[in-house]
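K.L.:
The lines below spell out each chain.
There are 2 protein chains.
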Amino acid sequence: MTQTPTRPARNGVDVPTLFATLDAVKDAPHLADFRFRARNEWISGTHNRSWIQGFYGVGQEDTSRPEPFLYDADHPAVLVGNNHGPTPIEFLLHAIAACLTSGLANIAAARGVTLHRVASTVEGDIDLLGILGLDPEVRNGYSQMRVGFEIEGDASPEELAALVEQSRRRSAVYDVLTNGTDVVVDVITP
Amino acid sequence: MTQTPTRPARNGVDVPTLFATLDAVKDAPHLADFRFRARNEWISGTHNRSWIQGFYGVGQEDTSRPEPFLYDADHPAVLVGNNHGPTPIEFLLHAIAACLTSGLANIAAARGVTLHRVASTVEGDIDLLGILGLDPEVRNGYSQMRVGFEIEGDASPEELAALVEQSRRRSAVYDVLTNGTDVVVDVITP
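So the sequences go chain by chain: Y and V. One point on numbering: in our numbering, the residue at position 91 of the first sequence is 91, and numbering is uninterrupted. One point on numbering: in our numbering, the residue at position 68 of the second sequence is 1068, and numbering is uninterrupted.
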């Protein structure tokens, strides 16, 4: 933590605390074991709702969120739903944009770059012949996702682009979406 | 659409329209080409916000959502954020639970199974040594995600479990999370 005096807060990122956190985890790697959780309840038809609040991390249950975050999902009218929320697959668009954006704000702050504006547009292409069971050659999920960043700050275009690239290299959501992970689905019988 | 009179609405699913939609797509497969979109703007630090509203599908721009859906993301206090929303990676938990739940409600309705209750709990394990850049052997994303369903309805435990299994086989989110997809990240220079 000797370096903290030379790294002020920037971009809304508390850089001294960010580096102190890194130092703390270096000294006690088990603090980096996290378990995130959500609870979902079916409402009607394709409409359902998730609760996100507690998680395990830094060696303990987190209790810093005073209220749960609630998210509805549904299918749109053209897919016989009622538009009570986005489709589930659209939340992947939010997740990748949010992960890359959070990361690049941290990385910019650590590198001493002040950001003026960051925005992104995400698209996902999907051929529903897969999930509708109408063509076994078509996959169920997105064939491609694209994220386009607009970024302004007090650095060269090359340095700004390098922030996005480093964020991509360190993104948890990018890793899961591009490499996949193990997903276990069970039915818990009462 | 000859079968519609024998398949009433069930579980809040308009089964006749669901089958009519399948028939329409069988006759014109290009209707199944969808493109979903989100827009994200950085706010401060790790806090950012996505807008989800329009998409392309069924051969046209969808205009059925009167207002955009807005979602914030942030890091929690222990990760030097301000809890303005869940972490981006937690939205993957919502996405998988929502996708499997929407699918099984449709599949149950199509099979004539009346559901009484569906709930699920999702967990995701992640070792942050990856994204913190402290151990090159540790991946950035979840090492494992687990979804546990509780399901009650007017069918045998085996039939209810088979609904979950069929939903998993047809889930867009499950496909992306387990198999990964192509994610292109670009910086758009003004």
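The hints are simulated quantities; they were obtained by calculation from the structure and are not laboratory data. Nothing here was measured: the structure is a model prediction, and the numbers come from that model. Just so it is clear, CB atoms sit at the ideal spot from N, CA and C, and this is done for glycine as well. Incorrect hints may appear among the rest.
Unchecked claim - Listed below are several chain V residues computed to face chain Y (Cβ distance under 10 Å; list not exhaustive):
| id | residue |
| --- | --- |
| 1 | VAL1013 |
| 2 | LEU1018 |
| 3 | ASP1033 |
| 4 | PHE1069 |
| 5 | GLY1081 |
| 6 | ILE1096 |
| 7 | GLY1124 |
| 8 | GLY1141 |
| 9 | ASP1154 |
| 10 | ASN1179 |
| 11 | VAL1187 |
Stated by the list, open to error - No farther apart than 20 Å at their CA atoms in a straight line, the calculated lysine to aspartate or glutamate pairs in the EDC-like style are these:
| id | chain 1 | residue 1 | chain 2 | residue 2 |
| --- | --- | --- | --- | --- |
| 12 | Y | LYS26 | V | ASP1014 |
| 13 | Y | LYS26 | V | ASP1135 |
| 14 | Y | LYS26 | Y | ASP14 |
| 15 | V | LYS1026 | V | GLU1041 |
| 16 | V | LYS1026 | Y | ASP135 |
| 17 | V | LYS1026 | Y | ASP14 |
K.L.:
Now look at each hint and say whether the structure bears it out.
P.N.:
Against the structure, the hints:
1. For VAL1013 (chain V), the shortest C-beta to C-beta distance to chain Y is roughly 5 Å, which falls under 10 Å, so the interface hint holds.
2. Checking LEU1018 (chain V) against chain Y: minimum C-beta separation of about 5 Å stays under 10 Å; hint holds.
3. At its closest, the beta carbon of ASP1033 (chain V) sits 6 Å from a beta carbon of chain Y; the interface hint therefore holds under the 10 Å criterion.
4. Nearest Cβ of chain Y to the Cβ of PHE1069 (chain V): about 5 Å, under the 10 Å cut. The hint holds.
5. Of the supplied interface hints, the one on GLY1081 (chain V) holds, with its beta-carbon coming within about 8 Å of a beta-carbon of chain Y, less than 10 Å.
6. A cut of 10 Å between beta carbons decides the hint on ILE1096 (chain V): the least distance to chain Y is about 7 Å, and the hint holds.
7. Given the 10 Å rule on beta carbons, the hint for GLY1124 (chain V) holds: about 5 Å separates it from the nearest Cβ of chain Y.
8. For GLY1141 (chain V), the shortest C-beta to C-beta distance to chain Y is roughly 3 Å, which falls under 10 Å, so the interface hint holds.
9. Hint status for ASP1154 (chain V): violated, given a least beta-carbon distance of 15 Å to chain Y, over 10 Å.
10. The interface hint given for ASN1179 (chain V) holds, since its Cβ lies 5 Å from the closest Cβ of chain Y, which is under the 10 Å cut-off.
11. Taken as an interface hint, VAL1187 (chain V) checks out: its beta carbon lies about 4 Å from the nearest beta carbon of chain Y, inside 10 Å.
12. Restraint check: the Cα-Cα separation between LYS26 (chain Y) and ASP1014 (chain V) comes to about 55 Å, which exceeds 20 Å; the hinted pair is violated.
13. A C-alpha spacing of about 10 Å is found between LYS26 (chain Y) and ASP1135 (chain V), which places the hinted pair at or below 20 Å, so the restraint holds.
14. Taken as a hint, the LYS26 (chain Y) and ASP14 (chain Y) pair is honoured in the structure, with Cα atoms around 19 Å apart against an allowance of 20 Å.
15. Using a Cα cut-off of 20 Å, the hinted pair LYS1026 (chain V) and GLU1041 (chain V) is violated, with the two alpha carbons roughly 39 Å apart.
16. Annotation: proposed proximity of LYS1026 (chain V) to ASP135 (chain Y) holds, straight-line Cα distance about 10 Å (limit 20 Å).
17. Using a Cα cut-off of 20 Å, the hinted pair LYS1026 (chain V) and ASP14 (chain Y) is violated, with the two alpha carbons roughly 55 Å apart.
Of the hints listed earlier, those the structure fails to meet are numbers 9, 12, 15 and 17, in rising order.
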